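In the numbering used here, the protein residues as written are 1 to 458.
Keep in mind the hints are simulated off the structure, nothing from the lab. Hints may be right or wrong, so weigh each one.
[As the list claims (entries may be wrong)] Ranges of calculated distance between the beta carbons of each label pair, as one might list FRET restraints: (1) 318 with 162: 31 to 39 Å; (2) 163 with 74: 37 to 45 Å; (3) 63 with 383: 56 to 64 Å; (4) 95 with 456: 36 to 44 Å; (5) 252 with 383: 27 to 35 Å; (6) 263 with 48: 47 to 55 Å; (7) 454 with 332: 32 to 40 Å; (8) 174 with 383: 17 to 25 Å; (9) 454 with 3: 48 to 56 Å; (10) 66 with 446: 17 to 25 Å; (11) 200 with 457: 40 to 48 Å.
Since we're looking at a predicted model, the values are computed, not measured. Beta carbons: idealized from backbone N, C-alpha and C, even for Gly.
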Amino acid sequence: LAVARVAGDALGVSAEFLLDGEEMDDAIAEIDFTLPPASRVVLLRGDAAKQLMPDLKLEMVDLGLDPAVFGVFVAKHAGLPLGAVANAVIKAHENYWDLGSVSVENVEESIKKQTTSTQWPGEEAWRPSDTICAMSLVMDHAVVPDPQAWTHVGGTENEKSKTREDRSAVVVLDGIVGESLRAALLAEITEPGWNHLNATAPPTSKWARDTNDGVNGDEEDEEDASSSATTFQEDDEDGDENTHKKKSWGLTAESIETVKNSRCSKTFLSRLASLYPEYAVRLMPCDALEPEGVPGGMSLMFGNGNDDDDDGEEGNSRIATVVGNAAVSGDQFQWHLDMDPGSLDASAPFTERFGRYVNRSFGRPLFVSALVYLNGPALWTPDMNAETLVLDPGTGTGVFIRPGPGRVLLMDQDALHRVSPPSRAAKIPRYSLVFKLCFYPKDPETRPSLVRTEWGAP
1 LAVARVAGDA LGVSAEFLLD GEEMDDAIAE IDFTLPPASR VVLLRGDAAK
51 QLMPDLKLEM VDLGLDPAVF GVFVAKHAGL PLGAVANAVI KAHENYWDLG
101 SVSVENVEES IKKQTTSTQW PGEEAWRPSD TICAMSLVMD HAVVPDPQAW
151 THVGGTENEK SKTREDRSAV VVLDGIVGES LRAALLAEIT EPGWNHLNAT
201 APPTSKWARD TNDGVNGDEE DEEDASSSAT TFQEDDEDGD ENTHKKKSWG
251 LTAESIETVK NSRCSKTFLS RLASLYPEYA VRLMPCDALE PEGVPGGMSL
301 MFGNGNDDDD DGEEGNSRIA TVVGNAAVSG DQFQWHLDMD PGSLDASAPF
351 TERFGRYVNR SFGRPLFVSA LVYLNGPALW TPDMNAETLV LDPGTGTGVF
401 IRPGPGRVLL MDQDALHRVS PPSRAAKIPR YSLVFKLCFY PKDPETRPSL
451 VRTEWGAP
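Please build the complete structure, drawing on both the sequences and the hints.
Okay, structure coming up:
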């Protein structure tokens with residue numbers, strides 16, 4: 001077997017030229033075949049090499065090498081520059097796993113010319129300038145590796161040891177969601193005509209008390225929660241009549257799909273995209289975040305307290321792009337991260353494409369959670385509690401965000417946080433909708449950040 005590591009100018013040569021000494025068309029050789037940012041590809045040529053793919057992937061992980069997209073040479077690749085073959089493999093990987101900056105669903109909608117506007121009935125005049133920044137801060141300071149958008153072949157010692165000062169961002173915005181859109185989002189996750197002012201629980205037609213993302217966690221688990229891609233809560237084994245207290249209200253899988261595809265949700269995401277025009281904003285590609293792309297694989301790996309099949313094995317909970325919360329008095333919640341791209345399994349298709357990295361790295365998607373508080377139109381008063389708490393683990397301090405009608409909380413998904421349950425005085429659920437997003441930077445050499453200069457220094 002012949003092995004070659006290729007980058008830069010060598011991407012313009014063919015495999016036949018590199019390995020077999022064959023001549024190349026000079027015109028083809030002079031074409032610039034720069035790969036997409038943060039990409040790494042393993043191309044296998046010949047039957048012997050192709051047979052190595054499964055074992056080679058495992059060996060690379062065991063050796064601590066960076067994950068990569070794997071592809072094989074086929075007949076149509078004969079004579080093509082390596083850059084062209086690698087780009088085709090990357091594109092196929094992105095299309096299959098829906099990893100592009102525009103989701104497959106949105107591409108299909110664009111073809112059908114069903115674009116979503118930022119306008120909403122009663123809020124037709126909405127503009128990004130209507131947004132008011134109530135809070136903009138950074139926290140959780142750390143010194144972390146700083147991979148560049150494009151890594152030079154071999155890499156210098158300086159490049160390999162390059163680090164940066166890193167902080168997670170938390171932004172609170174008013175004015176993105178007006179009263180009309182807020183009411184529509186709340187109706188979407190409940191029912192038309194639902195008595196939101198007096199009903200002590202959400203409608204069971206769309207909600208089930210079986211969500212365990214961070215419910216009833218122990219405070220001593222805080223350190224573990226800060227280092228995991230996500231937190232799964234384990235139930236007690238006795239299965240007593242108090243089991244309902246160990247889980248919180250969450251939207252059913254069917255309801256999540258309906259909410260995700262609703263016009264009001266798409267209008268909100270369109271407004272968010274217009275507020276951050278330097279990014280392509282989309283729902284995160286959840287299945288591609290799972291080990292080997294198997295839905296439920298992450299929860300099976302870590303355990304999440306569910307043993308729905310009564311087979312002694314926990315897990316099989318699929319990562320969700322949209323999460324509905326209806327916190328009620330008596331609930332308890334654990335500190336957790338929504339997602340950390342640096343903690344994903346090496347076999348996850350997303351990791352194969354972008355590698356493992358600390359959020360806010362050059363040329364890589366920024367993982368963002370967008371939480372919309374939906375109770376209203378009356379204000380959520382201080383005595384009702386139910387704030388969102390965000391922790392700075394290094395200092396043991398943090399901030400809280402009080403719910404408000406249509407208020408939006410944006411935070412990097414690796415920010416440590418939890419829900420504070422409502423007080424008894426609230427008497428009703430605190431409704432919120434969380435969109436798990438990826439912000440794809442349009443300029444790969446600009447560091448991604450939720451903080452905007454027009455809001456002043458964080």
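A quick look at each hint next to the structure:
1. 318 with 162: 31 to 39 Å: Taking Cβ atoms as reference, residue 318 and residue 162 lie about 36 Å apart, which means the hint holds.
2. 163 with 74: 37 to 45 Å: holds, 41 Å
3. 63 with 383: 56 to 64 Å: holds, 57 Å
4. 95 with 456: 36 to 44 Å: holds, 41 Å
5. 252 with 383: 27 to 35 Å: 31 Å Cβ-Cβ, so the 27 to 35 Å window holds.
6. 263 with 48: 47 to 55 Å: holds, 54 Å
7. 454 with 332: 32 to 40 Å: holds, 39 Å
8. 174 with 383: 17 to 25 Å: holds, 21 Å
9. 454 with 3: 48 to 56 Å: holds, 50 Å
10. 66 with 446: 17 to 25 Å: holds, 23 Å
11. 200 with 457: 40 to 48 Å: Given a distance of about 43 Å, which is inside 40 to 48 Å, the answer is holds.
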